[in-house]
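Student: Chains as they are written, first to last, in numbering that gives the first Met the number 0: chain A, 0 to 251; chain B, 0 to 227; chain C, 0 to 227.
Hints in this document: simulated from the structure, not taken from any laboratory.
Just so it is clear, CB atoms sit at the ideal spot from N, CA and C, and this is done for glycine as well.
One or more hints might be untrue.
Covered, in the sense of this in silico footprint (three residues per stretch, anywhere, with C-beta under 8 Å from a C-beta of chain A), are these stretches of chain C [stated by the list, open to error]:
(1) 61 to 71
(2) 74 to 87
(3) 163 to 171
(4) 174 to 188
Cβ pair distances, simulated, as ranges [said to hold, decoys possible]:
(5) C/K139 to B/E30: 37 to 45 Å
(6) C/E97 to A/D14: 56 to 64 Å
(7) B/R159 to C/E213: 18 to 26 Å
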Amino acid sequence: MLALGKRIDDRGVHDFREMKLEIGLIERACGSALINLGKTKVMVGVKVEEGEPFPDTPNEGVLTVNAELVPLASPSFEPGPPNENAIELARVVDRGIRESKAIDLKELCIQPRKKVFVVFIDVYVLDHDGNLIDASSIASLAALLSAKMNEYDIKNGEVVYKPGLKKLTIQNHPVAVTLAKIGKSLVVDPSLDEEQVMSARLTVISDKDGRICAMQKGGAEALSIEDVKQGVAITLSRASEIRSRIMEAVRT
Amino acid sequence: MYVEKKQLVAPGEILAEGKYLSGENTHREGERIYSSRVGVVDLVGDRLGVIPLKGRYIPHVGDVVVGRIVDIAMSGWIVDIEAPYPALLPASETFGHRGPRGRMDLSRMFDVGDLVVSEVLAFDRTRDPLITAKGPGLGKITGGRIIELSPTKVPRLIGRKGSMISLIKKGTGANIVVGQNGIILVSGRSRDSENAAIHAIRMIEREAHTRGLTDRIQVMLRTKMRGE
Amino acid sequence: MKVGVLDKADGSAYIEQGKNRILVAVYGPREAHPKHIALPHRAVLRCRYHMAPFSTPERKSPAPSRREQELSKVIREALEPAVLSEYYPRTTIDLFIEVLQSDGGTRCAGITGASLALADAGIPMRGLVAATAVGKIAGKIALDLSDTEDKQGEADMPVAIMPKSNVVTLIQMDGTLTHEEFEEGFDIAVKTCHTIHEQQKAVLKERYLAIKEEVEEKSETAKGEEEE
Numbered sequence: 000m001l002a003l004g005k006r007i008d009d010r011g012v013h014d015f016r017e018m019k020l021e022i023g024l025i026e027r028a029c030g031s032a033l034i035n036l037g038k039t040k041v042m043v044g045v046k047v048e049e050g051e052p053f054p055d056t057p058n059e060g061v062l063t064v065n066a067e068l069v070p071l072a073s074p075s076f077e078p079g080p081p082n083e084n085a086i087e088l089a090r091v092v093d094r095g096i097r098e099s100k101a102i103d104l105k106e107l108c109i110q111p112r113k114k115v116f117v118v119f120i121d122v123y124v125l126d127h128d129g130n131l132i133d134a135s136s137i138a139s140l141a142a143l144l145s146a147k148m149n150e151y152d153i154k155n156g157e158v159v160y161k162p163g164l165k166k167l168t169i170q171n172h173p174v175a176v177t178l179a180k181i182g183k184s185l186v187v188d189p190s191l192d193e194e195q196v197m198s199a200r201l202t203v204i205s206d207k208d209g210r211i212c213a214m215q216k217g218g219a220e221a222l223s224i225e226d227v228k229q230g231v232a233i234t235l236s237r238a239s240e241i242r243s244r245i246m247e248a249v250r251t
Numbered sequence: 000m001y002v003e004k005k006q007l008v009a010p011g012e013i014l015a016e017g018k019y020l021s022g023e024n025t026h027r028e029g030e031r032i033y034s035s036r037v038g039v040v041d042l043v044g045d046r047l048g049v050i051p052l053k054g055r056y057i058p059h060v061g062d063v064v065v066g067r068i069v070d071i072a073m074s075g076w077i078v079d080i081e082a083p084y085p086a087l088l089p090a091s092e093t094f095g096h097r098g099p100r101g102r103m104d105l106s107r108m109f110d111v112g113d114l115v116v117s118e119v120l121a122f123d124r125t126r127d128p129l130i131t132a133k134g135p136g137l138g139k140i141t142g143g144r145i146i147e148l149s150p151t152k153v154p155r156l157i158g159r160k161g162s163m164i165s166l167i168k169k170g171t172g173a174n175i176v177v178g179q180n181g182i183i184l185v186s187g188r189s190r191d192s193e194n195a196a197i198h199a200i201r202m203i204e205r206e207a208h209t210r211g212l213t214d215r216i217q218v219m220l221r222t223k224m225r226g227e
Numbered sequence: 000m001k002v003g004v005l006d007k008a009d010g011s012a013y014i015e016q017g018k019n020r021i022l023v024a025v026y027g028p029r030e031a032h033p034k035h036i037a038l039p040h041r042a043v044l045r046c047r048y049h050m051a052p053f054s055t056p057e058r059k060s061p062a063p064s065r066r067e068q069e070l071s072k073v074i075r076e077a078l079e080p081a082v083l084s085e086y087y088p089r090t091t092i093d094l095f096i097e098v099l100q101s102d103g104g105t106r107c108a109g110i111t112g113a114s115l116a117l118a119d120a121g122i123p124m125r126g127l128v129a130a131t132a133v134g135k136i137a138g139k140i141a142l143d144l145s146d147t148e149d150k151q152g153e154a155d156m157p158v159a160i161m162p163k164s165n166v167v168t169l170i171q172m173d174g175t176l177t178h179e180e181f182e183e184g185f186d187i188a189v190k191t192c193h194t195i196h197e198q199q200k201a202v203l204k205e206r207y208l209a210i211k212e213e214v215e216e217k218s219e220t221a222k223g224e225e226e227e
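Chain A on its own, in the form it takes in the complex (with noise of 0.2 Å):
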């Protein structure tokens, strides 16, 4: 069928399933997130806490990412801690956001080698029907980028907080898509029963400016010299779209 330029939901190769984006369910939360990816749910929360810088980048804020494959999202997940999935979930999305230098890191410095902000961002997926990475995220950016915190002052290294609430300064907007390889079609947005069948899977995550700042190749088999060229022109070309969809969702 997939020869034919068909997938079994009809969609065509490069077609991202329905994307729907809740903002701000949680309201506890700085900032979150619930991404409905065809009929895979990712919530996103993002929480900002005053913390300790690391040691070799003192004058930084803290960007961390967790992200649990909750046992109830799927019958192939088990309650512990976090096995190599979904590490690889986690710092996957990490790269993105990282290395396009989505959050200005320096911003969040309090004190230096003393106080820092920590944002905290949590992946908890709720429902796996494939592409966990994309829709993680998706949601993370659109998180990331309705998250509010509290206005503040920094007086002699420490904070004082103040009436009224700020939106966190993201500077750029990472977005992930990834193919899977199956046969020899390589499709966007694979669904869980695609991913079941599949050869390969590649990630690659773009900014703004349609620069790579992460890729990410998985599986248990190979993608030829081909399949990986082709696949980032693919995502390449798709991610703009994605990420108007996003700053769309984000606005209303």
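For this one, chain A is given, so just place chains B and C on it according to the hints.
Tutor: Positioned in the frame of chain A, the structure of chains B and C alone reads:
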């Protein structure tokens, strides 16, 4: 054909293209045949194979193997035959067995740690190998020395139609039981005869892929046994 | 690069690249423990990438970090396409990569070494996998960055290839690259992997060739002396 007989090859190296057959330790992709392991090229008629230099033992029905009892099961013993699969020696496959036996009786026949020469009765991809200790030359080992050899070198140790192993047996006077799984039992009339046999085995292990080995073994045995 | 450096492992390799010192061991195919992870039709490949506490400038805790867990996964996925696991159903092939000293690019050196260790163990493979990382420093594409270069650089892209069929088994990237820079770096990485592959093949054969030379030469001179 891109390689010569007896040439040393690595996995993924192309051996030939066209009318050849893909033999042991090779794989075919389209028109081309590639080596799957580090080894020496072998050509028999149209069949291209690679004789590997290292690898774990995979049981074949009919193989004589030397194993060690590691556990006593319900009606037999679990035997380590140095394969990725544990072997089962049912009590019914030993002499002196009459009716069901308790664990105590079984351990009196073969206890954990005992060595046994056995033959592979059955093995396939879906279950662990079944072995027997009933038969000439099979049974518990009571004396001698055990040498471990890479199982891939066993054919060279035996030689064509048993020529190499006979050479060593005659040249040293030692009795040698060769397990296809690379476990060899050597028992000689004297320490020297055992040592000479062991030396020969080690030489074959090291030089299996070279030419003129039989001559060198002959020379070595002559010199070693001259001391007797 | 060296193979066969460890005694107990079925296959092993040691690789030094810049200041990196990495030891790789393969155990397998062997019985699956725990049994429930075994697959009925093929071997399960498991991989553990781990950095020794003294491998980094500041002591690293021996507990596996998230980075080590991710790398264990991607390295396994880089080698899986190369292993002919159907030969050994219901077993595991365990790969252990220990970084004794690290200076950037350890996952690539680890993959290159792991291919050698797998081949050394006699595990059937479609081909060897070679890996290298390209990066961008001061706007220019560069090969095999050291740790300091990576920290100061603008991009790092590790790539692993199976040169036999010219397929990519690993590609990751972090940093910033334009589409053109990516293509340039990718092409350089592929070419470099082919060069590393030639070295891998040579290393796998060298001990056997050395023995061959040594004994066949001796045979020649011995024959010569006998004839005299």
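Student: Per the hint of 56 to 64 Å, is the separation of the Cβ atoms of C/E97 and A/D14 within bounds?
Tutor: Violated, since C/E97 and A/D14 (Cβ atoms, about 45 Å apart) do not stay within the stated range.
Student: For the stretch 163 to 171 of chain C, does the count of residues with a C-beta closer than 8 Å to a C-beta of chain A reach 3?
Tutor: With 8 residues close enough to chain A, the hint holds.
Student: Take a look at whether the Cβ-Cβ distance between C/K139 and B/E30 falls inside 37 to 45 Å.
Tutor: Given a distance of about 42 Å, which is inside 37 to 45 Å, the answer is holds.
Student: Are there at least three residues in the stretch 174 to 188 of chain C whose beta carbon sits under 8 Å from a beta carbon of chain A?
Tutor: Per the Cβ count (8), the hint holds.
Student: Using a Cβ cutoff of 8 Å, are there at least 3 residues of the stretch 74 to 87 of chain C near chain A, or does the coverage claim fail?
Tutor: holds (count 3)
Student: According to a criterion of three or more residues whose C-beta lies within less than 8 Å of a C-beta of chain A, is the stretch 61 to 71 of chain C covered?
Tutor: holds (count 5)
Student: When you take the CB atoms of B/R159 and C/E213, is the distance between them in 18 to 26 Å?
Tutor: Holds - the Cβ-Cβ distance for B/R159 and C/E213, about 24 Å, lies within 18 to 26 Å.
Of the numbered hints given earlier, the model fails hint 6 alone.
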